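J.: As a plain string of letters, each chain reads:
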Amino acid sequence: MSTNGVDKKRRRFLVNLTAGVGAVGSGFAVAPFVMSMTPSERAKAAGAPVEVDISKLEPGQLLTVKWRGKPVWLLNRTPVMMDSLKGLADILEDPESTDAEQPTYAKGIARAIKPELLVVVGLCTHLGCSPDKKLEAGAGAGLGADWPGGFFCPCHGSKFDLSGRVYKNVPAPRNLPVPPYSFKSDTEIVLGIDQKEGVA
Amino acid sequence: MPVLSVAGGGNGHKLDPVSIDLEDKVSLQRGATIFVNYCLSCHSAAYMRYNRLAKDLKFSDDPKESEKFVAKNMLFAADKIGDLMKAAMPIEDAKDWFGVAPPDLTLLARYRGPDWIYTYLRSFYLDEKSPSGWNNTVFENVAMPHVLYEWQGTQKAYFTKNEEGVKVFDRFEMIKSGTKSPQDFDKDMRDLTNFFVYLGEPSQLKRQRVGWYVLLFLALFLVVTYFLKKEYWKDVH
Amino acid sequence: MQSLLEWVDARFPLLKVWNEHLAEYYAPKNFNFWYYFGSLAILMLVLQIFSGIFLTIHYKPDVGLAFASVEYIMRDVPWGWFIRYLHSTGASAFFIVIYLHMFRALLYGSHRGPRELVWIMGMVIFVALMAESFMGYLLPWGNMSYWGAQVIINLFDAIPVIGPGLSEWIRGDFVISDATLNRFFAFHVAAVPLVLVILVFMHIVALHRVGSNNPDGIEIKENKGADGIPLDGIPFHPYYTVKDIVAVVVFLIVLSSVLFFAPELGGWFLEHDNFTPANVLQTPPEIVPLWYFTPYYSILRACTPDYMIYLSIFVGIVGAMTLFSARNIMVKAVAVVTPLILIVGFYTLEAKFWGVVAMGVSIMVFFALPWLDRSTVKSIRYRGWMYKTALGIFVVTFLVLGYLGTQPPEGLYKALAQIGTLIYFAFFAFMPWYSQIDKTKPVPERVT
Numbered sequence: 001m002s003t004n005g006v007d008k009k010r011r012r013f014l015v016n017l018t019a020g021v022g023a024v025g026s027g028f029a030v031a032p033f034v035m036s037m038t039p040s041e042r043a044k045a046a047g048a049p050v051e052v053d054i055s056k057l058e059p060g061q062l063l064t065v066k067w068r069g070k071p072v073w074l075l076n077r078t079p080v081m082m083d084s085l086k087g088l089a090d091i092l093e094d095p096e097s098t099d100a101e102q103p104t105y106a107k108g109i110a111r112a113i114k115p116e117l118l119v120v121v122g123l124c125t126h127l128g129c130s131p132d133k134k135l136e137a138g139a140g141a142g143l144g145a146d147w148p149g150g151f152f153c154p155c156h157g158s159k160f161d162l163s164g165r166v167y168k169n170v171p172a173p174r175n176l177p178v179p180p181y182s183f184k185s186d187t188e189i190v191l192g193i194d195q196k197e198g199v200a
Numbered sequence: 201m202p203v204l205s206v207a208g209g210g211n212g213h214k215l216d217p218v219s220i221d222l223e224d225k226v227s228l229q230r231g232a233t234i235f236v237n238y239c240l241s242c243h244s245a246a247y248m249r250y251n252r253l254a255k256d257l258k259f260s261d262d263p264k265e266s267e268k269f270v271a272k273n274m275l276f277a278a279d280k281i282g283d284l285m286k287a288a289m290p291i292e293d294a295k296d297w298f299g300v301a302p303p304d305l306t307l308l309a310r311y312r313g314p315d316w317i318y319t320y321l322r323s324f325y326l327d328e329k330s331p332s333g334w335n336n337t338v339f340e341n342v343a344m345p346h347v348l349y350e351w352q353g354t355q356k357a358y359f360t361k362n363e364e365g366v367k368v369f370d371r372f373e374m375i376k377s378g379t380k381s382p383q384d385f386d387k388d389m390r391d392l393t394n395f396f397v398y399l400g401e402p403s404q405l406k407r408q409r410v411g412w413y414v415l416l417f418l419a420l421f422l423v424v425t426y427f428l429k430k431e432y433w434k435d436v437h
Numbered sequence: 438m439q440s441l442l443e444w445v446d447a448r449f450p451l452l453k454v455w456n457e458h459l460a461e462y463y464a465p466k467n468f469n470f471w472y473y474f475g476s477l478a479i480l481m482l483v484l485q486i487f488s489g490i491f492l493t494i495h496y497k498p499d500v501g502l503a504f505a506s507v508e509y510i511m512r513d514v515p516w517g518w519f520i521r522y523l524h525s526t527g528a529s530a531f532f533i534v535i536y537l538h539m540f541r542a543l544l545y546g547s548h549r550g551p552r553e554l555v556w557i558m559g560m561v562i563f564v565a566l567m568a569e570s571f572m573g574y575l576l577p578w579g580n581m582s583y584w585g586a587q588v589i590i591n592l593f594d595a596i597p598v599i600g601p602g603l604s605e606w607i608r609g610d611f612v613i614s615d616a617t618l619n620r621f622f623a624f625h626v627a628a629v630p631l632v633l634v635i636l637v638f639m640h641i642v643a644l645h646r647v648g649s650n651n652p653d654g655i656e657i658k659e660n661k662g663a664d665g666i667p668l669d670g671i672p673f674h675p676y677y678t679v680k681d682i683v684a685v686v687v688f689l690i691v692l693s694s695v696l697f698f699a700p701e702l703g704g705w706f707l708e709h710d711n712f713t714p715a716n717v718l719q720t721p722p723e724i725v726p727l728w729y730f731t732p733y734y735s736i737l738r739a740c741t742p743d744y745m746i747y748l749s750i751f752v753g754i755v756g757a758m759t760l761f762s763a764r765n766i767m768v769k770a771v772a773v774v775t776p777l778i779l780i781v782g783f784y785t786l787e788a789k790f791w792g793v794v795a796m797g798v799s800i801m802v803f804f805a806l807p808w809l810d811r812s813t814v815k816s817i818r819y820r821g822w823m824y825k826t827a828l829g830i831f832v833v834t835f836l837v838l839g840y841l842g843t844q845p846p847e848g849l850y851k852a853l854a855q856i857g858t859l860i861y862f863a864f865f866a867f868m869p870w871y872s873q874i875d876k877t878k879p880v881p882e883r884v885t
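Chains as they are written, first to last, in the numbering used here: chain S, 1 to 200; chain E, 201 to 437; chain X, 438 to 885.
No lab work stands behind these hints: they were computed from the structure. Here the structure is a predicted model, which means the values were calculated and not measured. Mixed in with the good hints, there may be bad ones.
What the hints assert, rightly or not - If you want the ones that stay clear, here's a sample from chain E, every Cβ over 12 angstroms from chain S, calculated: (1) D224; (2) I234; (3) G333.
Claimed, not checked - Computed cross-link-like contacts, SDA-like style, restricted to lysine to any residue with a CA-CA straight-line distance of at most 20 angstroms: (4) S/K184 / E/K268; (5) E/K272 / S/R12; (6) E/K255 / S/S40; (7) E/K430 / X/Y509; (8) E/K430 / X/N469; (9) S/K8 / X/E443; (10) X/K497 / X/H674; (11) E/K280 / X/Y509; (12) E/K430 / X/D615; (13) E/K434 / S/N4; (14) E/K280 / S/R12; (15) E/K280 / S/G192; (16) S/K44 / E/K430; (17) E/K434 / X/Y509; (18) S/K114 / S/D186; (19) E/K430 / X/H674; (20) S/K114 / S/G27; (21) E/K434 / S/R12; (22) E/K406 / S/F33.
Cβ coordinates follow ideal geometry from the N, Cα and C atoms, glycine included.
Given the sequences, and given the hints that come with them, work out the whole structure.
T.: Encoded structure:
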């Protein structure tokens with residue numbers, strides 16, 4: 001065995017080349033394993049768009065529907081409720097709901113395609129608890145006499161109004177997310193399909 | 201699959217070879233249509249999803265149109281395109297009617313092989329002794345009646361005895377022709393068999409495609425590592 | 438980077454381990470084709486553990502869900518088919534590699550002193566691997582999974598007195614059931630792999646203590662240079678690492694060819710009867726274990742009542758030969774008593790029991806190889822015609838028994854399996870004599 005007259009440059013080049021090609025190969029080999037952990041066809045099928053009949057949803061009523069395993073609230077707001085949304089700008093974090101990560105129809109005060117019909121994912125944006133529904137205004141909700149009606153998360157005390165807009169100085173950072181949805185007819189909405197842009 | 205397992209091809213019916221071509225989308229689509237219309241009412245393919253069918257069989261070049269086609273023309277026993285292909289008939293009813301539950305057919309081709317399926321589908325014959333009135337030369341005393349007899353027609357089987365005195369299948373004789381010519385019927389059954397092979401392993405075309413890339417990469421890597429080895433082994437005398 | 442290494446090295450013997458096992462582990466420079474399979478076995482262990490973990494993520498060990506969950510992996514899980522085929526093809530590939538690795542030892546006497554313990558640890562790995570694959574085969578809950586496990590576990594029934602209780606204890610039920618599936622799952626994914634990894638580690642540590650054998654079967658440590666380095670040794674790293682990488686790539690090409698183009702390999706790697714769910718009322722027409730168990734399965738089935746006369750003659754001859762060649766009086770006594778007890782047993786206990794014993798012995802006898810082989814040389818290169826012929830016949834017999842294990846044990850096949858069983862045992866039983874009297878060639882001082 002002798003290491004005299006070794007072309008070190010050539011050796012280094014070949015080592016680097018092998019390492020490089022080997023790394024690329026390993027990357028390709030690992031990719032299927034990483035991808036196998038993404039939602040399967042079964043999960044996708046279970047998370048498929050859900051059609052909801054809203055013809056029997058009376059004003060003031062709230063309907064909870066499961067979509068992709070999450071509770072989605074459909075609230076048919078009364079004129080009184082709609083009024084309660086106004087004039088809260090000072091105590092809300094994002095009153096105009098300008099946060100980018102939501103459908104365009106979730107902006108503004110009502111945050112809905114049809115103003116009276118609120119559709120939100122009923123999971124607190126803090127750590128994912130499902131807030132209590134405190135729809136009635138006033139002291140009855142136990143949140144003080146000036147409570148305008150909304151949602152209260154029992155886990156860490158975050159508060160939301162009847163548009164799912166988050167209060168200032170509570171743990172939750174953002175308004176309740178509005179899922180992609182669209183109207184199939186006047187009385188039927190589809191959760192999971194955007195009003196214009198197709199399947200979300 | 202209790203019933204299928206008993207089937208032996210006991211009376212020496214040689215299996216007819218069938219050519220399988222999973223690239224032949226038209227054949228697969230035709231097979232799928234026959235399957236959904238004639239098999240799926242009693243049998244399930246409960247590991248398969250309709251949307252997979254739409255994606256792989258390309259009923260239209262546009263994936264969405266393909267899904268719409270499947271949703272419109274094949275969704276008899278389900279309401280969503282992502283559903284598994286369950287049978288239209290409840291298993292308990294099937295047991296009452298046939299004495300056994302019709303087996304799930306998703307993996308039939310992997311279990312029986314394509315030649316068996318192709319031969320079985322074409323080998324029903326009249327048999328008064330059987331409760332359904334039908335028997336099959338590759339699956340003796342099968343519980344299933346001949347669903348496609350209107351297409352194929354009605355045939356009788358003739359048997360002879362071999363040297364050891366065992367009953368051996370000899371030939372079929374058509375006693376009433378069907379609505380399809382024998383050639384057309386065989387072609388339909390070939391398409392259906394082709395579909396069964398696809399159904400048994402929907403990812404097989406992708407598997408082979410990926411395989412070529414893997415081999416190509418490994419061949420390249422082999423060259424690199426071979427030169428590396430050669431370079432270092434210059435030291436060893 | 439350098440300082441980080443130093444920081445670690447002050448707290449963990451990184452450099453020492455690297456040097457001892459790679460950079461300054463001196464391996465003989467004349468390794469040939471047969472010396473790739475150790476590295477490839479490690480590769481297979483890693484691949485099986487890795488793919489196994491990802492299968493465990495999606496698999497459900499429940500008799501109502503198991504079969505469907507495998508099809509779920511094959512269809513609904515992204516790239517699930519790849520992971521499943523890697524695991525199923527890998528199981529067979531692992532056994533091919535291990536068998537070739539063991540054959541290498543028989544060729545060059547790698548099991549002989551001072552490497553007896555390396556061999557024994559290797560054999561324990563082999564037995565653990567058999568348990569691992571046997572239990573893994575139940576998990577898909579196909580009809581062959583079910584009936585294969587049923588047949589093999591019922592073997593324990595044949596053991597007198599404790600047998601029936603033992604097989605119930607293994608199953609956790611009176612039949613193969615959910616309880617069996619669950620415990621096999623636990624052993625297959627946790628207990629046995631852990632044992633395998635530890636054993637492989639010990640196998641390598643023991644090997645590096647005594648040093649590697651080579652195709653000449655001579656000890657390179659006996660010829661050291663002034664620097665204390667064996668003259669015929671080269672550092673494992675980089676020389677054998679770069680060489681083994683080439684072998685790994687070639688091996689992966691073969692593995693991929695099967696995995697992507699013929700994962701069932703005509704029913705040899707994935708059996709057709711396992712594509713239908715377990716059915717407790719319907720046995721497959723022919724129960725066949727996967728190919729790597731079939732030689733032993735043949736031996737198991739060869740032992741029928743009419744075979745006992747041949748077994749009796751066989752142990753009689755071995756006993757007589759031991760009696761005449763042994764010098765120790767104790768050995769002589771054993772040589773008389775053992776065959777007598779066995780022959781009485783052959784005719785008093787069920788043949789089924791002796792089939793189980795024969796199968797067990799056919800595997801366990803490998804443990805004794807270092808002591809059965811009495812040749813003065815290790816490598817087949819310097820042995821005479823006797824060992825060469827014996828090994829050749831043994832390999833052919835092993836393959837023939839393997840094939841016969843997949844066929845119904847009737848007529849000619851049964852007779853062949855019975856003859857093969859005797860040849861199989863003769864290879865081991867007569868080794869002390871033929872290996873000793875076999876003419877040897879002079880062994881060179883240095884590797885060639």
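J.: The structure should be examined with respect to each hint, and the outcome stated for every one.
T.: Hint check results:
Under the 12 angstroms C-beta cut-off, the non-interface status given to E/D224 relative to chain S holds; the minimum distance is some 25 angstroms. Under the 12 angstroms C-beta cut-off, the non-interface status given to E/I234 relative to chain S holds; the minimum distance is some 24 angstroms. Residue placement check: E/G333 keeps its beta carbon more than 12 angstroms from all beta carbons of chain S (closest about 40 angstroms). Restraint check: the Cα-Cα separation between S/K184 and E/K268 comes to about 17 angstroms, which is no more than 20 angstroms; the hinted pair holds.
Between E/K272 and S/R12 the alpha-carbon distance is near 62 angstroms, which puts this suggested pair outside the 20 angstroms criterion. Simply put, E/K255 and S/S40 have alpha-carbon atoms about 15 angstroms apart, close enough for the 20 angstroms limit, and the pair holds. At most 20 angstroms may separate the alpha-carbon atoms for a hinted pair to count; E/K430 and X/Y509 exceed this at roughly 46 angstroms. At most 20 angstroms may separate the alpha-carbon atoms for a hinted pair to count; E/K430 and X/N469 meet this at roughly 15 angstroms.
Between S/K8 and X/E443, the direct Cα distance comes to roughly 25 angstroms. Violation of the 20 angstroms bound is thereby established for this hinted pair. Between the alpha carbons of X/K497 and X/H674 the distance comes to roughly 43 angstroms, so the proposed pair goes past 20 angstroms and is violated. For a cut-off of 20 angstroms, the pair hint linking E/K280 to X/Y509 stands: about 18 angstroms separates their Cα positions. A C-alpha spacing of about 55 angstroms is found between E/K430 and X/D615, which places the hinted pair above 20 angstroms, so the restraint is violated.
About 10 angstroms separates the Cα atoms of E/K434 and S/N4, which keeps this hinted pair within 20 angstroms; it holds. Restraint check: the Cα-Cα separation between E/K280 and S/R12 comes to about 58 angstroms, which exceeds 20 angstroms; the hinted pair is violated. In summary, the hint linking E/K280 to S/G192 is supported, as the alpha carbons are separated by about 14 angstroms, within the 20 angstroms threshold. Our distance criterion of 20 angstroms between C-alpha atoms is broken by S/K44 and E/K430, whose separation comes to about 51 angstroms.
Annotation: proposed proximity of E/K434 to X/Y509 is violated, straight-line Cα distance about 51 angstroms (limit 20 angstroms). Taken as a hint, the S/K114 and S/D186 pair is honoured in the structure, with Cα atoms around 10 angstroms apart against an allowance of 20 angstroms. Taking the CA atoms of E/K430 and X/H674, the gap is about 14 angstroms. The hint holds against a cut of 20 angstroms. For the hint pairing S/K114 with S/G27, the CA-to-CA distance comes to about 48 angstroms; that exceeds 20 angstroms, so the pair is violated.
For the hint pairing E/K434 with S/R12, the CA-to-CA distance comes to about 15 angstroms; that is within 20 angstroms, so the pair holds. About 16 angstroms separates the Cα atoms of E/K406 and S/F33, which keeps this hinted pair within 20 angstroms; it holds.
Hint check: violations occur at hints 5, 7, 9, 10, 12, 14, 16, 17 and 20; the rest are consistent with the structure.
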